[in-house]
Amino acid sequence: MAFEFTAENKKKFEEVVKRYPQRRAAMLPTLWLAQEQHGWISPEVMEYVAKLLELTPAKVYEVVTFYTMFNLKPVGEYHFQVCRTLSCQLCGAEGITEHLKKKLEVPLGGTSADGKYSLSEVECLGSCGTGPMLQLNDEYHENLTAEKLDALIGSLK
Amino acid sequence: MEKILTKNFELKNSHTVEVYESTGGYRSLKKLFAMQPNDVIEEVKKSGLRGRGGAGFPTGMKWSFVPQNIPKPKYLCVNADESEPGTFKDRYIMELDPHRMIEGIIICSYAIRANTAYIYIRGEFVFPKQRIDAALAEAYKKGYLGKNILGSGYDLEVYVHRGAGAYICGEETALMESLEGKRGWPRLKPPFPAVVGLFGCPTVINNVETVSALPYIMENGADAYKKFGTEKSPGTKMFSVSGHVNKPGNYELPLGYPLKKLIYEDCGGMKDGKALKAVIPGGSSVPVLTAAEAEEATLDYEGLQAKGSMLGSGGVIVMDETTDMVKALTNLAHFYSHESCGQCSPCREGTGWSHKILKRIVAGEGRQGDLDQLLAIADNMMGKTICVLADALAMPIQSYLKKFRKEFESYLCQP
Ligand SMILES: Cc1cc2nc3c(=O)[nH]c(=O)nc-3n(C[C@H](O)[C@H](O)[C@H](O)COP(=O)(O)O)c2cc1C
Ligand code: SF4
Ligand code: FES
Chain A
1 MAFEFTAENK
11 KKFEEVVKRY
21 PQRRAAMLPT
31 LWLAQEQHGW
41 ISPEVMEYVA
51 KLLELTPAKV
61 YEVVTFYTMF
71 NLKPVGEYHF
81 QVCRTLSCQL
91 CGAEGITEHL
101 KKKLEVPLGG
111 TSADGKYSLS
121 EVECLGSCGT
131 GPMLQLNDEY
141 HENLTAEKLD
151 ALIGSLK
Chain B
1 MEKILTKNFE
11 LKNSHTVEVY
21 ESTGGYRSLK
31 KLFAMQPNDV
41 IEEVKKSGLR
51 GRGGAGFPTG
61 MKWSFVPQNI
71 PKPKYLCVNA
81 DESEPGTFKD
91 RYIMELDPHR
101 MIEGIIICSY
111 AIRANTAYIY
121 IRGEFVFPKQ
131 RIDAALAEAY
141 KKGYLGKNIL
151 GSGYDLEVYV
161 HRGAGAYICG
171 EETALMESLE
181 GKRGWPRLKP
191 PFPAVVGLFG
201 CPTVINNVET
211 VSALPYIMEN
221 GADAYKKFGT
231 EKSPGTKMFS
241 VSGHVNKPGN
251 YELPLGYPLK
261 KLIYEDCGGM
271 KDGKALKAVI
281 PGGSSVPVLT
291 AAEAEEATLD
301 YEGLQAKGSM
311 LGSGGVIVMD
321 ETTDMVKALT
331 NLAHFYSHES
341 CGQCSPCREG
351 TGWSHKILKR
361 IVAGEGRQGD
371 LDQLLAIADN
381 MMGKTICVLA
391 DALAMPIQSY
401 LKKFRKEFES
411 YLCQP
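Here the protein sequences come in this chain order: A and B.
Just so you know, the first sequence maps onto residues 1 to 157 in this note's numbering.
Just so you know, the second sequence maps onto residues 1 to 415 in this note's numbering.
In isolation and in its complexed conformation, chain A is listed as follows:
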């Protein structure tokens, strides 16, 4: 299925390109726009972005696969990303991941069958003083406890 920006995103793209003296520099902002619209970066998206930026698809592919935040496959409606790095580990990050695995019934790195939840571990999110913490879609949730997690999951139903 071919991918194309919505009229609104086409306009945004034209604005973004003007910020840089080289077209290729619009790569990350363009991929962000595409992921916002499509949810993930499919091969069709990469081809489309390559055409917009006047590059070969390989140049887009190598960028998409380098960065962890571009999804190479669809993710759940709610994506839990638990920080696993040292400061959070010292404060009990492992327990948070275990709790989520059980509650969401999703394995680490997986998505629930209904496509609702995804669970992954990520590296330091710059929130080490309020660990353990996680990122749920765009939002940070800090100073986590089992009770807080349950309340959070409950609010998503």
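No lab work stands behind these hints, which were simulated from the structure alone.
Just so you know, not all the hints are guaranteed correct.
Unchecked claim - DSSO-like cross-link-like pairs, simulated, lysine-lysine; straight-line CA separation at most 30 angstroms:
1) B:141 x A:10
2) A:103 x B:327
3) B:327 x A:102
A quick note: this is a predicted structure, and the numbers were derived from the prediction, not measured.
Given the coordinates of chain A, work out where chain B with the ligands should sit on it, guided by the hints.
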């Protein structure tokens, strides 16, 4: 103590231009535009301000390397990638006082004669980015950015560029590659960014906190700034404290502050009254300190160097007596092997091997030669790669093994 960077943090709506202006914000610009760019550079040199992103390079000196006799455009990149484990200070500046950073951007850009600045912010920082976007819109509306700022004839455009998840993009040359739309692969130096940087043009890369110290220096002068801190490490610095203390968080302190006082007084002491075991004083990449070393250390470039560590980014990770140092190092090895960009074999293989060996040790399957093997790998990583990410794991390996060797040995299978 008077605060410089965090003085507005407690104010309601501190992120808005109205509140920033009401506390004297943007007042330094009048003074700035009455000065010659070179004099601004001299003033910043005189202040002794050093980079707060990790390397501690003198800021004014960095700016003076930008050649002014060539017709190419010049750029400023603000490093808001904040991803050194243990560090969470730039995020708070951007969330709570974004205009201080923007005023600093204007000062730096004017001094190096750049008309375009990019703020490279890590992709996960969605809320800080919203705050910056809003603050930039306010600043444009007030005429602090854009064409002919405050009638000075000076033009400046500032753009936010969102990263997409890669620790290495905090390294300055990887940051520029990433901004140019490529993988974040660090470049060989020289040439240095000040001469050949973004889009092949002279570029200064400065950390958010570095830039945010500039309005104070402009407004009050270098001498006022030097009243804080020590002779060799002037000024204040934000320390992000995490781990086993009662009150983790950000603390702005004059450089030279005793680490012991930070832990036991400012942070309310150790959690649950446990004993201190170790401290990583400057972000996860720097050598670890034992409790005894930490209790004697002062938080300045020289003070930490004297103790065999580094000030780094100011991320202070505090570990109590229950901490398993083998697991702590394994956690870091996982981080660095995950974040290695893979260009240099000593780093790509070295971080991966170290992680594999450490995992084996933690699983109780460590072999007698494993510790020496780890040290040999670390030795092959130090100073042998394009950027210092390899060193950033080698230093922890060396220091953990030196200072906590018994703990590692107790994990190994008996011969
Ligand atoms: C692997 C690696 C990661 C880095 N990450 C950051 C970072 O997240 N933020 C930052 O400001 N500097 C980071 N740095 C340091 C930058 O390369 C650069 O020295 C700094 O941004 C310069 O700004 P300053 O002089 O104001 O400190 C990193 C360096 C390395 C080697
Ligand atoms: S040292 Fe590691 S992270 Fe740095 S350029 Fe080499 S492979 Fe990449
Ligand atoms: S270690 Fe978890 S946010 Fe930094």
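Hints and how they fare:
For the given pair, residue 141 of chain B sits about 26 angstroms from residue 10 of chain A by alpha-carbon distance, which is consistent with the 30 angstroms threshold. The suggested pairing of residue 103 of chain A with residue 327 of chain B holds, with an alpha-carbon distance near 26 angstroms, which does not exceed 30 angstroms. Annotation: proposed proximity of residue 327 of chain B to residue 102 of chain A holds, straight-line Cα distance about 24 angstroms (limit 30 angstroms).
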